[in-house]
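Colleague: So the chains spell out like this:
Number of protein chains: 2
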Amino acid sequence: MSTIGFIGLGVMGRPMALNLLQAGHVLQVYARNPAHSQALCAASATLCETPEAVARGVHTLFINVSDDAAVDAVLFGAHGAADGLAADSIVVDMGTSSPAYTRRLAARLAERGIHLIDAPVSGGEAGAIDGTLAIMAGGSEAAFQRVLPLLQVIGGGIVHVGDSGAGQIAKACNQIVVSAALLGVAEALSFAARHGVDGGKVRQALLGGSAYSRILEIHGQRMLDANYTPGFKARLHQKDLGIVLDAARAAGLALPATAIAAQLMHALVEGGGGERDSSALVEIVQQLNDIKT
Amino acid sequence: MSTIGFIGLGVMGRPMALNLLQAGHVLQVYARNPAHSQALCAASATLCETPEAVARGVHTLFINVSDDAAVDAVLFGAHGAADGLAADSIVVDMGTSSPAYTRRLAARLAERGIHLIDAPVSGGEAGAIDGTLAIMAGGSEAAFQRVLPLLQVIGGGIVHVGDSGAGQIAKACNQIVVSAALLGVAEALSFAARHGVDGGKVRQALLGGSAYSRILEIHGQRMLDANYTPGFKARLHQKDLGIVLDAARAAGLALPATAIAAQLMHALVEGGGGERDSSALVEIVQQLNDIKT
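Note that the protein sequences, when read in sequence, are chains A and B.
Going by my numbering, the final residue of the first sequence carries number 323, and the count climbs one at a time with no gaps.
Going by my numbering, the final residue of the second sequence carries number 323, and the count climbs one at a time with no gaps.
Since the hints were derived computationally from the structure, they do not count as laboratory data.
Glycine residues also receive a C-beta, built at the ideal position from the N, C-alpha and C atoms.
All the pointers check out, no bait thrown in.
Computed spacing ranges between beta-carbons, pair by pair: (1) Gln293/A x Gly87/B: 53 to 63 angstroms; (2) Asp320/B x Glu141/A: 32 to 42 angstroms; (3) Ala172/B x Gln293/A: 44 to 54 angstroms; (4) Ala256/B x Cys71/A: 48 to 58 angstroms; (5) Asp320/A x His296/B: 25 to 35 angstroms; (6) Ala156/A x Gly186/B: 24 to 34 angstroms; (7) Thr323/A x Leu237/B: 25 to 35 angstroms.
Take a look, some chain B residues computed to stay more than 12 angstroms from chain A by CB distance: (8) Val41; (9) Leu51; (10) Arg86; (11) Phe106; (12) Asp113; (13) Arg134; (14) Gly143; (15) Asn257; (16) Thr259; (17) Lys269; (18) Gly302.
Assemble the whole structure, with the sequences as input and the hints as a guide.
Modeller: Put into structure tokens, the structure is as follows:
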């Protein structure tokens with residue numbers, strides 16, 4: 031099989047890269063924090079010293095870093111990957127970037143004959159480990175078809191949503207739905223607590239009906255257990271809601287529930303909860319209502 | 031088997047009563063609109079002329095009417111059921127009533143030696159027909175155990191949440207979660223539309239990840255199809271959110287996302303959408319944002 035490049039070996043990137051290795055692919059990797067590459071190197075990946083070196087000789091380069099600025103730095107910074115990539119190669123950005131940046135990036139890479147697939151994911155660390163992530167892809171049909179066999183190693187449900195940026199638009203939609211769901215569950219459990227009713231029984235009762243959601247099932251239980259080990263960190267959720275509301279403002283779009291969720295997420299992060307799972311949002315609703323847990 | 035009383039044969043009550051009949055129970059029924067009783071009478075239920083007559087000789091009386099006032103009227107109005115009920119009989123209120131009213135009702139019935147189980151449901155008309163409703167019950171353990179075999183005919187997941195009113199608290203929590211989820215999906219699909227991305231593909235992509243919910247699956251598709259045949263009518267959703275916010279205000283509880291959802295539901299109902307499925311809430315978000323469909 032041909033060699034694949036992989037940049038960014040954090041909580042999500044590491045298990046994705048391991049799944050590619052275990053499927054028999056040859057990987058060369060780069061991580062800003064070299065300690066993150068140990069598991070990959072033990073599994074026979076080649077550690078490179080720069081993004082440019084990772085990009086040399088590969089047809090597909092995966093990038094899994096935290097934001098637009100980090101994507102830009104690994105591609106166009108000193109010893110950036112863009113200088114190592116051959117024409118007709120494909121960059122797959124699996125992080126959550128802004129749709130506007132993604133469209134600009136696609137145009138910039140196209141000048142060099144390089145294709146971009148934006149392919150953000152949903153499903154968390156567990157989904158990355160199990161290879162069951164939902165993947166929302168944007169880019170040309172031809173480039174999508176070329177990377178699809180690799181995406182199928184990384185994820186379960188893979189949808190080609192549309193042109194460049196469409197994957198990031200879908201991811202923004204995902205975060206809109208997830209944050210409204212988190213806030214709804216947080217308000218419901220606070221309502222039950224204030225009325226002296228067992229939140230665990232309420233969650234159990236609701237799971238059987240129209241209110242069922244993964245958020246109620248998984249994050250509802252985290253809230254009941256006050257277990258905020260991430261999972262998905264509040265500061266990253268805050269970042270993603272920033273992308274959503276920036277894109278909404280640019281489009282002149284009012285999103286009242288998302289705006290409320292973002293405000294409360296700011297309160298969570300500013301109050302020191304940025305490294306906790308974003309389901310700790312319930313504690314802001316509890317504080318607002320002076321509910322002791 | 032002993033005879034069961036059933037009052038209220040609307041969209042939800044009728045299929046529930048039919049399931050009890052089909053399980054072999056003997057039913058006597060009352061409906062304010064006698065036309066609603068045709069299917070039941072064809073299936074051998076006895077139609078009574080007053081609530082009092084329905085209540086005579088039964089150990090269990092189901093009530094499935096629209097609100098507190100309607101429950102009160104069938105129990106304590108002219109020829110009310112309370113006058114027909116024997117001591118140690120059980121009233122099962124399956125509608126969505128306010129928790130405060132439910133607690134007062136339990137006390138008032140207890141003076142006559144009558145037990146109350148509040149047992150509101152979630153799962154809609156389809157769940158009522160299939161007998162798969164989620165049922166959230168409040169009341170004493172002894173009374174709950176006595177009606178449990180009947181509830182198992184009507185529903186799937188049955189949870190005894192707590193004392194009288196606890197079922198209604200759980201139902202209020204259900205409506206908090208559902209309305210936040212509806213609004214989140216409405217905002218996400220509006221975001222996708224404004225950015226020129228296919229909402230159907232976004233829904234499909236999101237279903238595979240953390241954003242999965244029954245609301246996204248079922249009501250998201252309704253929104254995409256602009257199919258607002260109820261389902262669950264917006265005016266009833268508005269009524270339920272009124273119960274939630276009254277109970278929250280009485281408890282001094284701030285529920286920001288629920289309040290926003292209730293405001294937009296008012297706009298939907300006042301704009302003439304009261305008889306449509308409450309997923310038509312997306313049209314209010316679209317109007318707000320001048321999105322054409």
